[in-house]
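**Student:** Residues per chain are reported as follows:
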Amino acid sequence: MSAQETNQPTGVEAAYQTALDAGRFQIQHCGSCGRHVFYPRESCPHCGNASLAWVDPKGEGTVHAVTTVRRKPDAGGDYNVSLIDLDEGVRMMSRVLGAPEAVRIGQRVRARIVVKEGRGVVVFDATAGQGEQA
Amino acid sequence: MSAGLRALRGSAAIAGVATFGLGEAHGFTDMELLARSARAAVADAGLKMSDIDGICTASASATMWAMPVIEYLGIRPSFIDSTMLGGSSFVAHLMPAMLALQSGQCNAVLVCYGSAQRTATFGRKEVVASRRFLDPQPYEMPYEPMLPLSAYALVASRYMHEFGATRRHLAEVAVAARAWAAMNPEAFMREPLSIEDVLGARMVSDPLSVRDCCLVTDGGGAYVLVRADRAKDLPKKPVYVLGNGTAVWNRQVSSMHDLTVTAASQSGKAAFDMAGLSAKDVDVAQLYDAFTINTLLFLEDLGFCKKGEAAAFVENGGIAPGGRLAVNTNGGGLSCAHPGMYGIFTIIEAVRQLRGECGDRQVKGAKIALAHGNGGTLSSQSTAILGTAETL
Numbered sequence: 004m005s006a007q008e009t010n011q012p013t014g015v016e017a018a019y020q021t022a023l024d025a026g027r028f029q030i031q032h033c034g035s036c037g038r039h040v041f042y043p044r045e046s047c048p049h050c051g052n053a054s055l056a057w058v059d060p061k062g063e064g065t066v067h068a069v070t071t072v073r074r075k076p077d078a079g080g081d082y083n084v085s086l087i088d089l090d091e092g093v094r095m096m097s098r099v100l101g102a103p104e105a106v107r108i109g110q111r112v113r114a115r116i117v118v119k120e121g122r123g124v125v126v127f128d129a130t131a132g133q134g135e136q137a
Numbered sequence: 485m486s487a488g489l490r491a492l493r494g495s496a497a498i499a500g501v502a503t504f505g506l507g508e509a510h511g512f513t514d515m516e517l518l519a520r521s522a523r524a525a526v527a528d529a530g531l532k533m534s535d536i537d538g539i540c541t542a543s544a545s546a547t548m549w550a551m552p553v554i555e556y557l558g559i560r561p562s563f564i565d566s567t568m569l570g571g572s573s574f575v576a577h578l579m580p581a582m583l584a585l586q587s588g589q590c591n592a593v594l595v596c597y598g599s600a601q602r603t604a605t606f607g608r609k610e611v612v613a614s615r616r617f618l619d620p621q622p623y624e625m626p627y628e629p630m631l632p633l634s635a636y637a638l639v640a641s642r643y644m645h646e647f648g649a650t651r652r653h654l655a656e657v658a659v660a661a662r663a664w665a666a667m668n669p670e671a672f673m674r675e676p677l678s679i680e681d682v683l684g685a686r687m688v689s690d691p692l693s694v695r696d697c698c699l700v701t702d703g704g705g706a707y708v709l710v711r712a713d714r715a716k717d718l719p720k721k722p723v724y725v726l727g728n729g730t731a732v733w734n735r736q737v738s739s740m741h742d743l744t745v746t747a748a749s750q751s752g753k754a755a756f757d758m759a760g761l762s763a764k765d766v767d768v769a770q771l772y773d774a775f776t777i778n779t780l781l782f783l784e785d786l787g788f789c790k791k792g793e794a795a796a797f798v799e800n801g802g803i804a805p806g807g808r809l810a811v812n813t814n815g816g817g818l819s820c821a822h823p824g825m826y827g828i829f830t831i832i833e834a835v836r837q838l839r840g841e842c843g844d845r846q847v848k849g850a851k852i853a854l855a856h857g858n859g860g861t862l863s864s865q866s867t868a869i870l871g872t873a874e875t876l
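Residue numbers (this note's numbering), protein chains in the order written: chain A, 4 to 137; chain B, 485 to 876.
Isolated chain A, as found in the complex (with noise of 0.2 Å):
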């Protein structure tokens, strides 16, 4: 049984794994700032402040960096790797799922949560339209 099922707490980043393991995105909002936090922190880093609450994002985003990792393709084959800058203003690692090439900087994107043996991991998917160039 894990800390969160016992209602015991946890640090931040076993709280956020145990959240998209059972299907939910959340990311940090700070009482004190009112910015956005990511990735989960125990104090909020622009601002040293502890009020630190969880909040689901909208999941809508801007591709700000992409890569198409190389790979045989016995291997599994070519991936993307992007940063990602969600609408509430904070950036994060994941994949743009489907053709990696296809994938360009400025594209909206739309969150949604992979659960792959037991272990959730955001990952994103275009959706229509060019966004801002952010």
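Simulated from the structure, these hints should not be mistaken for laboratory data.
Note that beta-carbon positions come from the ideal geometry of N, C-alpha and C, so glycine has one too.
Just so you know, not all the hints are guaranteed correct.
[Said to hold, decoys possible] Straight-line distance between alpha carbons at most 20 Å, and here's what the computed SDA-like set of lysine to any residue pairs gives:
1) A:Lys119 <-> B:Gln621
2) A:Lys75 <-> B:Lys753
3) B:Lys609 <-> A:Lys119
4) A:Lys119 <-> A:Ala56
5) B:Lys753 <-> B:Arg490
6) B:Lys532 <-> B:Ile564
7) A:Lys119 <-> B:Tyr627
8) B:Lys609 <-> A:Arg74
9) A:Lys75 <-> B:Val694
10) B:Lys532 <-> B:Thr513
11) B:Lys721 <-> B:Gly494
12) A:Lys75 <-> B:Tyr627
[Unchecked claim] Where chain B lies over chain A, by a calculated footprint (3+ residues, C-beta under 8 Å):
13) 67-73
14) 84-96
Following the hints, position chain B against chain A.
**Tutor:** Chain B alone, transformed into the frame defined by chain A:
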């Protein structure tokens, strides 16, 4: 700039440098490469190992590395610094070493490094694999970026997007490095390299090809730092430390505030402020080129050109022999050597240029050199400004 830092300008000098085993050093361990380099650097300074009473060193794998190094060399130093900031460490070691010399805590500091990552059984691949457990990055690793390479690739993609730079501009950096390497007998890769060769090379993590990436070699390097007054009485022409600054803003590429601006903009400003100089005063620059994008970013962040203008700066051989600025005259990490952490070699090449020891690749009349170290994934930056006696 504090008066105390300004007073340190020129207070210490590099009196000895050495490299050993650059390229492939079959049958050598990290420690043996370090020890050979250290012994040669101490001899170059006209000193004995028993004169060494200060040490700076770091290892990419051993977390308590200063202890076995001290034991192996048989010294009992009164100053020890093993700050580990990745490849920039051996540039960043300058400031604490200068402070220790100035305070009288010690009299001769040996800065040393060795790595057999290319030929060792437990080499680069194994170190990268073990780092997943020893130095976890749980918010990046699930996506399997090929680190450190993919971090630089992401930065390159953004840089190209914002400033209209192309793979051809990145290739200019690799081609210039190779042209310098061709004049350096110590360089590991010296055969001709063209823009087309780089553009046609195997892609690894777009937009970077294998020729946009540094070498994986063995090698050791060391230098000896003493107070300026003592350096005058030692055999080699002293190379004075005019400025040094170190900056870290983040560890992970996903935490960089602006992918196109590195902490070199802070470390460079600190070093130049201490030296009372600016980029236009620099005769020769050694910029840690782990990947071709690094050189573009550092040319801008250190003030050699404005943000977004480095692509034009390097075009048509701008940093190759005969270009507008002599950059990475040993061939750099791209073509000379890259034994895991390259920073110490930026210092060693800068010293050799200021001494006038560089043969065919010598930059005539070089008086001021810049050595810039980078660590992690554009995570740590350390800049040193070095000069001849005329610059004091």
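**Student:** Checking against the hints above, which ones are violated?
**Tutor:** 2, 3, 4 and 10
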